[in-house]
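**Q** Sequence:
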Amino acid sequence: MQKTSSRLLSLLSLLQTHRDWSGDDLAGRLAVTSRTVRRDIDRLRELGYLIRTVKGPGGGYCLEAGARLPPMLFDDGQAVALAVALQTAAAGATVAEDAARALATLRQVMPPRLRHRIDLLHITAVQPPTARDTLEVDAQVLLELSRAIHAREELRFDYTPDPSASADEVRRVQPHHLVTWRHCWYLVAFDLDREDWRTFRVDRIRPRTPTGPRFTPRELPGGSVSTFVTSRFRGNDGTTIDWPCRGEVVLHLSAADVAPFAQGATVEELGPQHCRLTLGSWSWTGLAAALGRFDADIEVIGPPQLAAAFADLAARYGRAAPTARPQSSPTP
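FYI, the numbering for the sequence shown is 258 to 589, going by our numbering.
Be aware that one or more of the hints could be misleading.
Derived Cβ-Cβ restraints for the label pairs, each shown as a range [to be verified]: (1) R370 to L271: 15 to 25 Å; (2) C319 to A357: 44 to 54 Å; (3) V427 to P369: 51 to 61 Å; (4) C441 to F518: 42 to 52 Å; (5) R302 to D415: 41 to 51 Å; (6) W539 to A571: 18 to 28 Å; (7) K260 to D333: 16 to 26 Å; (8) R364 to C441: 22 to 32 Å; (9) E525 to D425: 47 to 57 Å; (10) P560 to D376: 53 to 63 Å.
These are calculated hints, taken from the structure and not from any lab test. All values reported here derive from a predicted model rather than from experimental measurement. We treat Cβ as the ideally placed atom computed from N, Cα and C, and that holds for glycine.
Using the sequences and the hints given, assemble the complete structure.
**A** Below, the structure is given as structure tokens:
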């Protein structure tokens with residue numbers, strides 16, 4: 258028979274699988290009597306674990322959330338995954354300090370073999386360049402928005418639509434989702450005054466109190482928050498992740514040279530120095546400009562709007578070229 262401490266850990270590991278266990282099943286898995294299982298359940302309850310007794314012919318037990326955080330048990334894979342997640346979070350700004358403290362606590366109690374694996378893994382999260390006016394997200398604001406979303410309560414907040422704006426706007430919304438997109442937090446909500454869906458930068462939100470009345474959630478365009486957010490940031494209506502403008506060209510470059518910089522485009526090899534590129538963008542001008550960054554000749558396959566955008570850019574660049582002043586040579 259296992260020692261009591263070892264048996265308690267085994268019992269806890271079974272209960273953490275989020276299923277109802279009968280007393281007989283637990284006794285069989287632990288190779289003990291049902292009476293021993295009942296005593297061990299009482300010991301776990303004394304340690305702070307809320308274990309519900311399941312009524313029925315066979316009886317049973319189910320682990321639930323309690324009033325305080327009890328000790329937790331992780332297997333090797335879970336411990337390594339948690340450490341990796343905490344390292345990544347510790348490189349951010351919103352919960353960096355708490356993540357670093359949690360990682361230190363986890364590492365301290367890890368067995369040497371796991372601690373060695375974690376110490377070999379060093380994650381450096383490189384943040385993209387941001388504008389000077391980009392504000393750090395307040396964790397308390399995230400919690401307030403999350404609470405309103407969960408409670409399905411209307412929300413009022415002051416919003417800075419643009420750093421150059423002379424005054425904030427008061428917005429009244431039905432909050433639905435908190436999402437991250439390219440290292441920024443956004444609130445997806447239905448704007449009641451504009452009667453349309455909107456995405457708001459969380460670092461520009463200052464919630465007002467109290468919150469408004471409860472609401473019945475609306476159906477999000479596109480069917481999922483992922484589709485909606487991707488669609489909106491691609492300049493679409495929120496129902497499809499397709500780009501509103503999509504074109505096809507032949508580049509006088511090899512597919513191997515183009516593919517690393519295609520950013521989601523379809524690249525088809527046509528020859529040693531030719532490839533077909535299908536790419537999307539939020540506008541025809543933006544698409545033509547994106548294709549122009551490849552230092553090669555371009556043949557437009559279609560549609561006509563893309564060819565027209567190239568013509569417009571060519572004329573615009575042609576008008577800009579004569580205004581460029583050559584730099585004077587230094588005086589000898």
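**Q** Against each hint, give a clear statement of whether it holds in the structure.
**A** Checked hints:
{"no.": "1", "hint": "R370 to L271: 15 to 25 Å", "verdict": "holds (24 Å)"}
{"no.": "2", "hint": "C319 to A357: 44 to 54 Å", "verdict": "violated (34 Å)"}
{"no.": "3", "hint": "V427 to P369: 51 to 61 Å", "verdict": "holds (57 Å)"}
{"no.": "4", "hint": "C441 to F518: 42 to 52 Å", "verdict": "violated (24 Å)"}
{"no.": "5", "hint": "R302 to D415: 41 to 51 Å", "verdict": "holds (47 Å)"}
{"no.": "6", "hint": "W539 to A571: 18 to 28 Å", "verdict": "holds (21 Å)"}
{"no.": "7", "hint": "K260 to D333: 16 to 26 Å", "verdict": "holds (21 Å)"}
{"no.": "8", "hint": "R364 to C441: 22 to 32 Å", "verdict": "holds (30 Å)"}
{"no.": "9", "hint": "E525 to D425: 47 to 57 Å", "verdict": "holds (49 Å)"}
{"no.": "10", "hint": "P560 to D376: 53 to 63 Å", "verdict": "holds (55 Å)"}
Hints 2, 4 from the earlier list are contradicted by this structure; the remaining hints agree with it.
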